[in-house]
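*Asks:* Listed below are the residues making up each chain.
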Amino acid sequence: MKGTACGTAVLAAALALAAPASAQVSLVGEWSPRYHEDQPDRIPGPELGDYTGLPLTDGARLAADSWDASRLTLREHQCKVHNGPYILHGPIQFRLSEERDLRTQQLIAIHEYLNTYEQERTIWMDGRAHPPEWAPHTWQGFSTGKWDGDILTVYTTHIKQEWVRRNGVPNSEKSTTVEHFIRHGNILSHLIVWTDPVYLSEPLIRSEEFVLQERTSGNWLWPCEYVDEIIDRPHSAVPNYLPGQSPFAGDFAYRYGVPVDAAKGGAETTYPEYQMKLRTLPRPTKPAAAN
Amino acid sequence: MKVVRDAVVVLAIASALGLAARAQTPAAAPLDTFHVGGNVHMIVGAGGNIAVQVGEEGVLVVDTGLAANVDRVLATIGTLSRQPIRWIINTHFHPDHTGGNEALAKAGSKTNGGPAEIIAHERVLTRMSAPAGKQSPTPAAAWPTDTYVPEEKDIYFNGEAVMVYHEPMAHTDGDSIVFFRKSDVVVAGDTFVTTTYPFIDRANGGSVQGELNALNRILDLTVPAHEQEGGTFVIPGHGRVCDEADVLEYRDMVTIVRDRIQDMVKRGLTLDQVKAAKPTLDYDRHYGSDTGFVTTAGFIEAVYDDLKNPQGKPRVR
Numbered sequence: 000m001k002g003t004a005c006g007t008a009v010l011a012a013a014l015a016l017a018a019p020a021s022a023q024v025s026l027v028g029e030w031s032p033r034y035h036e037d038q039p040d041r042i043p044g045p046e047l048g049d050y051t052g053l054p055l056t057d058g059a060r061l062a063a064d065s066w067d068a069s070r071l072t073l074r075e076h077q078c079k080v081h082n083g084p085y086i087l088h089g090p091i092q093f094r095l096s097e098e099r100d101l102r103t104q105q106l107i108a109i110h111e112y113l114n115t116y117e118q119e120r121t122i123w124m125d126g127r128a129h130p131p132e133w134a135p136h137t138w139q140g141f142s143t144g145k146w147d148g149d150i151l152t153v154y155t156t157h158i159k160q161e162w163v164r165r166n167g168v169p170n171s172e173k174s175t176t177v178e179h180f181i182r183h184g185n186i187l188s189h190l191i192v193w194t195d196p197v198y199l200s201e202p203l204i205r206s207e208e209f210v211l212q213e214r215t216s217g218n219w220l221w222p223c224e225y226v227d228e229i230i231d232r233p234h235s236a237v238p239n240y241l242p243g244q245s246p247f248a249g250d251f252a253y254r255y256g257v258p259v260d261a262a263k264g265g266a267e268t269t270y271p272e273y274q275m276k277l278r279t280l281p282r283p284t285k286p287a288a289a290n
Numbered sequence: 000m001k002v003v004r005d006a007v008v009v010l011a012i013a014s015a016l017g018l019a020a021r022a023q024t025p026a027a028a029p030l031d032t033f034h035v036g037g038n039v040h041m042i043v044g045a046g047g048n049i050a051v052q053v054g055e056e057g058v059l060v061v062d063t064g065l066a067a068n069v070d071r072v073l074a075t076i077g078t079l080s081r082q083p084i085r086w087i088i089n090t091h092f093h094p095d096h097t098g099g100n101e102a103l104a105k106a107g108s109k110t111n112g113g114p115a116e117i118i119a120h121e122r123v124l125t126r127m128s129a130p131a132g133k134q135s136p137t138p139a140a141a142w143p144t145d146t147y148v149p150e151e152k153d154i155y156f157n158g159e160a161v162m163v164y165h166e167p168m169a170h171t172d173g174d175s176i177v178f179f180r181k182s183d184v185v186v187a188g189d190t191f192v193t194t195t196y197p198f199i200d201r202a203n204g205g206s207v208q209g210e211l212n213a214l215n216r217i218l219d220l221t222v223p224a225h226e227q228e229g230g231t232f233v234i235p236g237h238g239r240v241c242d243e244a245d246v247l248e249y250r251d252m253v254t255i256v257r258d259r260i261q262d263m264v265k266r267g268l269t270l271d272q273v274k275a276a277k278p279t280l281d282y283d284r285h286y287g288s289d290t291g292f293v294t295t296a297g298f299i300e301a302v303y304d305d306l307k308n309p310q311g312k313p314r315v316r
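From first to last, the protein sequence lines stand for chains D and S. 0 is the number of the first residue of the first sequence in numbering that gives the first Met the number 0; add one for each residue after it. 0 is the number of the first residue of the second sequence in numbering that gives the first Met the number 0; add one for each residue after it.
Here are the simulated lysine to any residue pairs, SDA-like style, with alpha carbons at most 20 Å apart: (1) K277(S) x G243(D); (2) K307(S) x N203(S); (3) K145(D) x T103(D); (4) K277(S) x Q244(D); (5) K265(S) x P242(D); (6) K285(D) x F247(D); (7) K274(S) x Y240(D); (8) K274(S) x L241(D); (9) K173(D) x L280(S); (10) K265(S) x V237(D); (11) K263(D) x K277(S); (12) K277(S) x L61(D); (13) K173(D) x S288(S); (14) K277(S) x L241(D); (15) K173(D) x R284(S); (16) K263(D) x K285(D); (17) K173(D) x D251(S); (18) K274(S) x D57(D); (19) K277(S) x D57(D); (20) K265(S) x Y240(D); (21) K173(D) x T295(S); (22) K265(S) x A236(D); (23) K265(S) x Q244(D); (24) K265(S) x G243(D); (25) K181(S) x F33(S); (26) K109(S) x L79(S); (27) K105(S) x L73(S); (28) K307(S) x R201(S); (29) K274(S) x Q244(D); (30) K145(D) x I181(D).
Residues of chain D placed beyond 10 Å of chain S at every Cβ, according to the derived structure: (31) L47; (32) N185; (33) D260; (34) P283; (35) K285.
Don't read these hints as lab results, they were simulated from the structure. Quantities reported herein were computed from a predicted structural model and do not represent experimental measurements. Glycine included, C-beta positions come from ideal geometry on N, C-alpha and C.
Using the sequences and the hints given, assemble the complete structure.
*Replies:* This is the structure in structure tokens:
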């Protein structure tokens with residue numbers, strides 16, 4: 000009997016040692032967003048010239064002011080994807096699943112299938128290194144994750160250029176992100192810290208909430224094939240507004256009574272203290288192009 | 000039998016001495032490589048990027064890096080294939096892309112002997128050589144041996160078509176873009192880089208419109224896979240491996256900057272006024288530099304000068 004008792008103790012010790020991994024919270028399932036936060040930005044979409052709340056560089060502002068929405072009609076722009084840092088901010092639902100080693104049950108990766116643009120993202124949990132700097136970039140980037148208690152923290156590099164806000168505010172391929180996935184019952188909080196040395200003067204922090212779906216629903220597909228939308232336009236043309244010549248300049252600020260300087264965004268405008276300055280700024284006048 | 004045994008001993012000693020001698024000469028460390036697609040790999044760190052196509056027929060190399068790195072390039076190619084180098088293609092004449100021509104050609108061989116063939120547009124030969132009696136900028140053994148004059152040339156090697164397209168007046172006047180049709184990889188040379196603004200070498204026939212024509216050609220050749228990602232991959236002259244979406248952003252950038260400076264030229268602004276207006280402000284943190292070979296000011300000057308005295312014309316399609 001002593002031998003059996005000893006074996007039981009060893010088994011119990013082994014199970015106890017294995018406990019932390021199995022005790023981690025599971026994020027597996029299908030998640031749908033709640034849009035109570037930043038709704039105007041996420042569902043109808045931002046208005047041209049609305050850069051509020053973004054710690055933009057001057058270069059980012061010029062790029063956004065130059066952006067002509069007609070650029071989206073170019074063949075090569077039509078099927079572009081909301082990249083990793085942006086995609087959870089837009090309309091979406093996603094499915095999280097785990098990939099485990101069959102023999103050891105160690106977690107190799109968490110897979111995230113996103114219905115918007117049919118994106119497949121892998122968060123590697125096995126400690127592998129990020130690719131070298133000369134490797135290709137992808138829409139969702141290359142992600143590695145680790146558990147900080149019950150919080151999944153994800154670091155992503157190798158992200159393609161797309162945008163910070165879908166009114167022409169760009170991000171660059173030098174972007175990196177740190178994300179935190181935090182589950183509270185059937186609610187999943189997602190927090191992202193987005194660093195971009197080209198277009199953000201300070202990290203941009205956003206958050207969203209998702210609800211676990213008990214029944215699968217919705218459309219999980221997003222086929223896209225480009226077409227020629229404007230037949231007589233030279234293929235080499237790139238729609239853009241010359242500096243200071245956007246016909247929409249000032250429209251957003253005037254329509255909502257937001258001081259022009261505040262509408263331009265910038266790191267200063269993202270801090271609570273800016274509210275005091277905001278009260279001292281003049282109300283916008285009707286833009287000339289609106290006449 | 001003794002003769003045979005002695006011969007074996009002598010051979011063994013000679014072999015051992017040979018090995019020892021080789022061991023005393025430090026072997027060049029291979030450079031980093033990246034498998035881009037199909038039969039095509041990229042060598043990183045030799046100067047300009049190098050593309051290597053490998054297969055049963057031998058090795059085809061696009062560009063050869065700086066001369067100083069040739070031992071490392073040869074060591075790297077040796078890690079990718081044991082077959083001889085049969086073909087070299089130069090995308091243009093600059094020494095960071097042709098510096099290893101002589102050594103790589105001599106290290107390789109045509110199937111009927113002699114150094115590997117070097118393909119390039121005729122203007123590359125013109126830039127690397129000199130009229131009879133004059134000193135050429137590069138040794139004759141480094142010159143292209145198989146030049147082409149019309150718009151394109153093609154060969155079939157290692158089971159795939161290799162298309163070579165001339166881009167007149169782009170980065171230089173002799174640029175070639177190489178397309179491995181089965182591997183689905185485009186080698187852009189310096190018509191496309193990810194690290195800096197384009198270097199428009201006006202002194203050697205480059206122009207901003209030719210540069211845009213080249214970028215639009217690459218967009219024509221590339222076909223993205225799912226949702227504008229992957230599919231045809233592009234090896235730039237410098238920087239990371241890209242796909243169509245990456246080339247698109249670069250093409251858009253050069254076009255938008257061209258449009259802005261074109262407007263300023265029409266309004267009669269001087270070069271200093273154009274520079275003061277910062278027409279590249281939105282891209283400077285990515286591609287700009289005040290130092291080094293390709294500077295922001297140099298890019299603006301090249302575009303300005305070119306638009307004041309236009310060289311290239313848009314390709315009609």
